[in-house]
Amino acid sequence: MIPVVMPTYARADIVFERGQGPYLYATDGRRFLDFAAGVAVNALGHAHPYLVEKLTEQANKLWHTSNLFRVAGQESLGKRLTEVTFADTVFFTNSGAEAWECGAKAVRKYHYDSGNPQKNRIITFEQAFHGRTLGAISAAKQEKLVHGFDPLLDGFDQVPFGDLDAVRAAITPQTGGICVEPIQGEGGIRAGSVEFLRGLRALCDEHGLLLFLDEIQCGMGRTGKLFAHEWAGITPDVMCVAKGIGGGFPLGACLATERAASGMTAGTHGSTYGGNPLATAVGNAVLDVMLAPGFLDEVQKTSAYMRGRLEELIARHPAMFLELRGQGLMLGLKLGQPVGEVVAKLRANGLLAVPAGDNVVRLLPPLNIGEAEVNEAVGILDRTAQECVG
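Sequential numbering of the sequence shown, starting at 36, is according to the numbering used here.
Possibly wrong hints are sitting among the right ones.
[Claimed, not checked] Keeping only pairs whose Cα atoms sit at most 20 Å apart, straight-line, the calculated SDA-like set for lysine to any residue is:
id, residue 1, residue 2
1, Lys369, Val74
2, Lys140, Lys380
3, Lys380, Ile49
4, Lys114, Ala82
[As the list claims (entries may be wrong)] Using C-beta positions, here's what the derived DEER-type ranges look like:
id, residue 1, residue 2, range
5, Asp185, Glu230, 34 to 42 Å
6, His99, Gln177, 41 to 49 Å
7, Asn151, Thr270, 34 to 42 Å
No wet-lab data here; the hints were simulated from the structure.
Positions of the beta carbon are idealized from the N, C-alpha and C atoms, including for glycine.
Can you make the complete structure from the sequences, with help from the hints?
Quick look at the structure:
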């Protein structure tokens with residue numbers, strides 16, 4: 036018989052009852068060091084006191100009014116996001132997939148309203164992941180995502196990640212934009228080089244295209260800057276974010292320049308719950324923490340320490356750990372053992388991690404961890420490697 040919760044996940048047989056900082060506690064009493072962070076969602080760990088305070092404060096006032104009215108939290112959070120990014124305007128959503136869909140619509144609508152309705156195709160990249168909607172899986176085209184869901188939506192032309200020549204060759208008179216993750220998460224923690232990202236920006240400028248960045252996983256401080264594209268010194272025209280922006284509360288956002296969002300007028304898009312008072316109260320609280328002086332500097336410091344410890348680990352266990360990938364606290368270890376088995380053994384040893392494509396284990400800890408938590412995680416990785424390969 037089918038379970039009451041639709042079995043679309045191969046769930047581990049653990050139920051968590053509470054969390055504190057970087058730790059989760061199961062109903063059977065076990066404690067886990069959480070280097071999954073809800074797949075990069077719990078950016079400030081569990082039960083962060085300031086986030087709890089602001090959520091509780093708002094919950095005692097107002098939960099929902101709908102977007103038929105002004106929402107004060109949206110206006111304050113939108114203003115703050117535009118002040119610290121390239122964007123002029125923001126649409127708030129409940130999830131990353133919704134934010135991505137808004138961005139894809141904005142790209143098409145911009146060209147339609149600019150008198151170029153034929154420019155409705157978007158170039159995407161192999162091993163991409165943008166969510167689980169029909170539009171998002173049609174853009175990503177990964178077999179494990181699309182199997183059984185034909186026909187896919189048309190309008191997406193895929194090329195190899197990191198290959199500027201392939202991007203250039205794929206541009207046609209029907210191309211309207213380029214959508215890319217600066218660092219592919221699900222695709223195996225594969226980072227686009229500075230030269231690649233700058234090259235994409237240049238191609239968009241040359242051909243009148245919109246650059247659409249997916250920073251759902253790599254954004255919100257994950258790389259040591261508020262957004263990953265900042266390392267390349269470029270700006271997009273449209274960007275979708277989610278995960279860490281709500282620190283665990285469902286929240287996403289599509290950011291855009293005034294020009295790129297010119298087609299998104301009244302009636303063109305909407306969301307019942309998106310940007311509700313609860314979500315935006317938490318989003319503002321997350322920004323309070325992340326924009327505080329020194330916070331991102333500490334992320335960079337911790338990530339440099341963690342990278343050094345992981346490089347030592349690779350040197351000790353070259354048959355187990357083949358390569359270190361990523362940036363900041365979005366790191367991946369390519370494995371010499373099946374990733375599913377390794378993730379299960381890490382979990383049994385008290386460390387939560389996330390599998391990814393290309394046989395990579397993702398390490399996505401809360402951004403406010405310290406050296407002690409890094410050392411604990413490396414110790415568990417070390418012990419697990421000894422158990423797996425000796």
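Evaluated hints:
1. For the suggested pair Lys369 and Val74, the alpha carbons sit about 17 Å apart, so the restraint of at most 20 Å is met.
2. Using a Cα cut-off of 20 Å, the hinted pair Lys140 and Lys380 is violated, with the two alpha carbons roughly 42 Å apart.
3. Pair hint Lys380 plus Ile49 holds up; C-alpha atoms about 14 Å apart against a cutoff of 20 Å.
4. A distance of roughly 26 Å separates the Cα atoms of Lys114 and Ala82; the hinted pair therefore is violated under the 20 Å criterion.
5. A hinted range of 34 to 42 Å holds for the C-beta pair Asp185 and Glu230, which are about 36 Å apart.
6. Between His99 and Gln177, the C-beta spacing of about 35 Å breaks the proposed range 41 to 49 Å.
7. The hint said 34 to 42 Å for the Cβ distance between Asn151 and Thr270, and at roughly 22 Å that hint is violated.
In summary, the structure is inconsistent with hints 2, 4, 6 and 7 from the numbered list given earlier, while agreeing with the others.
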